[in-house]
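Same order as they appear, the protein sequences are chains F and X.
Here the working numbering is used: the first residue of the first sequence is 1, the next is one more, and so on.
Here the working numbering is used: the first residue of the second sequence is 1, the next is one more, and so on.
None of these hints come from the bench; they were simulated from the model.
A portion of the hints provided could be inaccurate.
Simulated crosslink set (DSS-like; lysine-lysine; CA at most 27 Å straight-line) [what the hints assert, rightly or not]:
#1 K42(X) / K14(F)
#2 K42(X) / K9(F)
#3 K42(X) / K83(F)
#4 K56(X) / K2(X)
#5 K42(X) / K71(F)
#6 K57(F) / K9(F)
#7 K67(X) / K83(F)
#8 K9(F) / K83(F)
#9 K9(F) / K71(F)
#10 K2(X) / K57(F)
#11 K67(X) / K2(X)
#12 K57(F) / K42(X)
#13 K57(F) / K70(F)
Derived, one-sided and incomplete: chain X residues facing chain F with beta-carbon distance under 8 Å [to be verified]:
#14 Q31
#15 S32
#16 S49
#17 G102
Just a few of them, taken from the derived set where beta-carbon distance is under 7 Å, the chain F residues facing chain X [to be verified]:
#18 Q41
#19 G42
#20 L90
#21 L103
#22 G108
Everything numeric in this text was worked out from a predicted model, so none of it was measured.
Glycine included, C-beta positions come from ideal geometry on N, C-alpha and C.
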Amino acid sequence: DGGITQSPKYLFRKEGQNVTLSCEQNLNHDAMYWYRQDPGQGLRLIYYSQIVNDFQKGDIAEGYSVSREKKESFPLTVTSAQKNPTAFYLCASKTGGAYNSPLHFGNGTRLTVT
Amino acid sequence: QKEVEQNSGPLSVPEGAIASLNCTYSDRGSQSFFWYRQYSGKSPELIMSIYSNGDKEDGRFTAQLNKASQYVSLLIRDSQPSDSATYLCAVDTGGSYIPTFGRGTSLIVHP
Chain F
1 DGGITQSPKY
11 LFRKEGQNVT
21 LSCEQNLNHD
31 AMYWYRQDPG
41 QGLRLIYYSQ
51 IVNDFQKGDI
61 AEGYSVSREK
71 KESFPLTVTS
81 AQKNPTAFYL
91 CASKTGGAYN
101 SPLHFGNGTR
111 LTVT
Chain X
1 QKEVEQNSGP
11 LSVPEGAIAS
21 LNCTYSDRGS
31 QSFFWYRQYS
41 GKSPELIMSI
51 YSNGDKEDGR
61 FTAQLNKASQ
71 YVSLLIRDSQ
81 PSDSATYLCA
91 VDTGGSYIPT
101 FGRGTSLIVH
111 P
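For reference, chain F alone in the conformation it holds in the complex (with noise of 0.2 Å):
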């Protein structure tokens, strides 16, 4: 089955180290794209990208960074610049060029830094 996965479900990190959480999608789809979600909050967009080998940064870039360098894999990279990390982490992507199609979300990734 297509779908996408991120991992691992749980990261729990001491605060100064850098952690990358893990994007893998086989559904073919172009764009992929990184949220962020804190409690009563909705999505935040971080990062995103339409093409391989191209992103771009979203609202909430900083302290974060990211890489296409295939089709199918989006890696976030939490750094220790990122002031407030500790949030539950959205992979989701979409087919490229389409506005109307809707977003495939993996499972989340609940970053966890004291």
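Let chain F serve as the given structure and place chain X on it in line with the hints.
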């Protein structure tokens, strides 16, 4: 700044009633509208999409779109306790293909 507004709730309805969830958006160029359901601790899942003015029905769910007034709503008929979740409204503008989400409305269906 493209904005999508939702009442955070919680909206509490008795089992069997109609739940009405509303969403307004600021960008008149918006062309695609989506409703996602999110259970606590889980990722969002698509319930409905709507692109044209009017109503779109799918089972117990009806999405309503009024582009002139810039609002989209979701009606849930015969609400069930299993419908208790947060409902997220998302709006896509044609140019950017980047969905903007509202904060979500928490729905509680009590027996």
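Subject >> In rising order, the numbers of the hints this structure does not comply with >> reply: 7
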